[in-house]
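Asks: Residue numbers (this note's numbering), protein chains in the order written: chain A, 16 to 387; chain B, 16 to 387.
Don't read these hints as lab results, they were simulated from the structure. Worth double-checking, as some hints may not be accurate.
Given that identical chains are not distinguished, each listed pair holds provided it fits within a single copy or across any two copies.
[Stated by the list, open to error] Pairs of lysine to aspartate or glutamate residues, derived as EDC-like cross-links and limited to a Cα-Cα distance of at most 16 Å, are as follows: (1) Lys185 / Glu165; (2) Lys17 / Glu49; (3) Lys351 / Glu40; (4) Lys369 / Glu272; (5) Lys339 / Glu171; (6) Lys17 / Glu184; (7) Lys369 / Asp178; (8) Lys380 / Glu139; (9) Lys339 / Glu204; (10) Lys101 / Glu272; (11) Lys123 / Glu146.
Protein chains: 2
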Amino acid sequence: MKVGILGGGQLGRMLLQAAANYPVETYLLENDPECPAAHLCHHFTQGDKTDFDTVYNFGKNLDAITIEIENVNIEALVALEEKGVKIFPKPVVLKTIKNKILQKQYYKENNIPTSDFVVTNNLEDIQKHSEFLPAVQKLAEGGYDGRGVEIIKTKEAIANGFDAPAVLEKLIPIEKEIAVMIAVNEKGETVLYPAVEMHFDEDLNLLDYQICPADLNQQTLYKIEAIALAVVRNFKSSGIFAVELFVDKNQNVFVNETAPRVHNSGHHTIEAHFSSQFDMLLRIILNYPLGNSTYIQPSIMVNIIGADSHFGSVNYEGLNEVLKMENCFVHLYGKKQTKPGRKMGHVTILSNEKQDLLHKANLIKRTLIAKT
Amino acid sequence: MKVGILGGGQLGRMLLQAAANYPVETYLLENDPECPAAHLCHHFTQGDKTDFDTVYNFGKNLDAITIEIENVNIEALVALEEKGVKIFPKPVVLKTIKNKILQKQYYKENNIPTSDFVVTNNLEDIQKHSEFLPAVQKLAEGGYDGRGVEIIKTKEAIANGFDAPAVLEKLIPIEKEIAVMIAVNEKGETVLYPAVEMHFDEDLNLLDYQICPADLNQQTLYKIEAIALAVVRNFKSSGIFAVELFVDKNQNVFVNETAPRVHNSGHHTIEAHFSSQFDMLLRIILNYPLGNSTYIQPSIMVNIIGADSHFGSVNYEGLNEVLKMENCFVHLYGKKQTKPGRKMGHVTILSNEKQDLLHKANLIKRTLIAKT
């Protein structure tokens with residue numbers, strides 16, 4: 016079976032590592048021939064994944080295509096789907112999710128709890144909806160890894176907002192941030208991964224560390240799982256999905272956003288679960304039975320992010336100390352250049368003792384620094 | 016760091032899967048551009064790994080080289096070593112191990128317990144040593160995966176022996192077959208993996224399944240570990256080593272043979288241990304701290320071997336049933352053609368219950384068949 020991937024970052028890299036467990040011929044489309052995934056596929060095509068012809072020509076002889084980033088040419092995927100190429104997720108889902116306005120409207124139309132919002136097309140629109148402040152403004156298209164998101168607390172801060180199509184969402188007093196990964200195969204069968212609890216670096220708006228399983232009371236967990244399933248089932252698409260949710264102090268649950276692909280919040284599944292998110296997606300694409308999403312041990316995952324004010328050839332300070340930690344798994348993505356906030360790698364810690372997980376996560380964050 | 020691998024079979028494949036966790040530039044030398052590992056490296060060179068010039072030219076600009084098969088041009092590795100390329104294991108060790116006569120003499124010289132043997136250069140020599148029967152005869156060079164080994168029980172069977180340089184070893188009444196993997200870094204520090212117990216398919220002389228940890232009394236285990244360490248320490252080489260040993264009914268321990276590389280008996284370490292054999296070898300090559308060889312859960316590993324009298328394009332009968340088993344990890348090596356006895360893949364089962372391990376191992380052997 017010939018399977019193509021649009022995007023050659025770390026998600027593509029880890030997907031291709033897992034693909035080598037199965038008899039599958041892999042194709043990759045990415046502009047940068049030195050991207051983290053380029054050397055791990057059977058056939059690499061250098062090209063622009065946002066260009067119609069490039070994506071269409073890349074995909075026309077493949078059996079299936081998946082993505083590791085939403086910013087791809089969806090029209091080409093629609094054309095390929097009509098031609099009989101299987102696309103995971105379906106292009107129509109990608110279209111909904113890629114645009115934050117359409118994504119919010121999707122939740123609303125499907126009665127999925129999410130924070131109140133209005134669409135703003137420019138700074139003036141924000142002014143008009145100043146009753147929404149404090150709010151978070153998200154650029155409709157092109158945001159990624161913490162970019163394209165602005166918190167606007169006061170009228171004075173409106174000037175920092177985006178003067179472009181965006182959603183303005185009421186800020187929710189968050190008690191916990193949760194992510195649930197869900198796999199859907201072509202028969203519509205679903206498998207949920209255990210909910211994880213995410214802790215963010217507020218400065219960078221990037222995932223700091225996440226713990227699995229999340230510490231939730233049963234009722235809230237059931238609510239989260241039911242809502243996440245509703246998000247995914249209404250897409251009517253197979254694939255793997257990461258649903259991010261907020262829980263407030265009153266145990267109300269709101270969907271924040273959804274990624275229709277393998278996701279940062281599922282990295283711990285590589286070592287901590289029987290079937291990783293990458294293995295699971297391959298099972299779906301290859302039409303194999305869904306895997307077992309249960310964890311082998313509880314885990315914490317820590318992102319290794321390019322240090323402030325360091326631009327250039329990367330050097331991993333403290334790497335040896337972390338490699339010595341007996342229950343830690345280091346993943347470095349092979350990016351040659353670091354810059355502030357760039358995801359350079361991650362470390363997963365396995366332990367039955369939560370204190371051990373938290374202790375090591377903090378130690379790793381202080382120890383392993385991606386700098387020049 | 017630029018690291019080369021001689022050989023592109025399943026061991027190379029799994030080594031390259033693990034290599035994508037670290038910032039390393041990988042090079043592969045193999046004759047067959049469709050071999051299991053070819054598509055997982057940064058730079059593939061098609062060529063004969065037994066040819067001096069090919070190996071020398073492949074390696075001359077690399078920082079380090081390792082092997083996944085002994086049958087390589089050792090003279091070229093010696094020349095590369097002199098030039099400053101680090102070789103794991105050292106070529107002198109490869110020379111000793113590659114030739115079964117030299118390997119046996121090495122054990123003898125280093126007072127390592129091994130079965131009695133004589134060197135036989137032809138069938139006449141076997142006749143002369145008929146007091147050694149019943150015996151096992153091993154071809155000095157070129158044996159691999161069950162080939163090059165002949166059991167000679169009676170004088171009448173001598174005609175089936177090898178009419179070429181070989182060792183004739185006294186048959187030991189085996190109670191258990193054990194393998195111990197040992198990692199040695201450049202400082203000479205060592206890490207032992209838990210001993211595994213191997214069960215062989217007597218018809219094919221191929222590993223059938225293996226269980227980790229081995230069921231051994233403490234005294235025998237200590238003896239095994241001390242002997243295995245003595246084998247490896249006397250090599251005075253860094254790298255990863257698999258020492259295979261026999262235990263007889265009186266709990267005497269004999270070294271059978273040693274592989275100076277990642278090995279079939281270490282496949283279970285991918286999911287069952289904190290640092291897999293592949294991760295461990297990379298740590299040694301990249302001069303990182305040694306990993307943690309402890310197991311996360313006990314495991315069984317089952318080889319998937321090409322079924323009798325099936326030659327041609329492979330079809331994995333029963334694959335879906337095995338993929339549904341909740342604590343099993345399937346590895347298929349991507350070989351397009353099957354033939355009787357060919358290693359096509361393996362499955363690792365994780366469980367704290369030994370009965371569950373044994374039950375599933377037997378079920379998998381009956382269920383998952385590589386045929387045409």
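Asks: Any hints this thing doesn't respect? Which numbers, in order?
Replies: 4, 5, 6, 7, 8, 10 and 11
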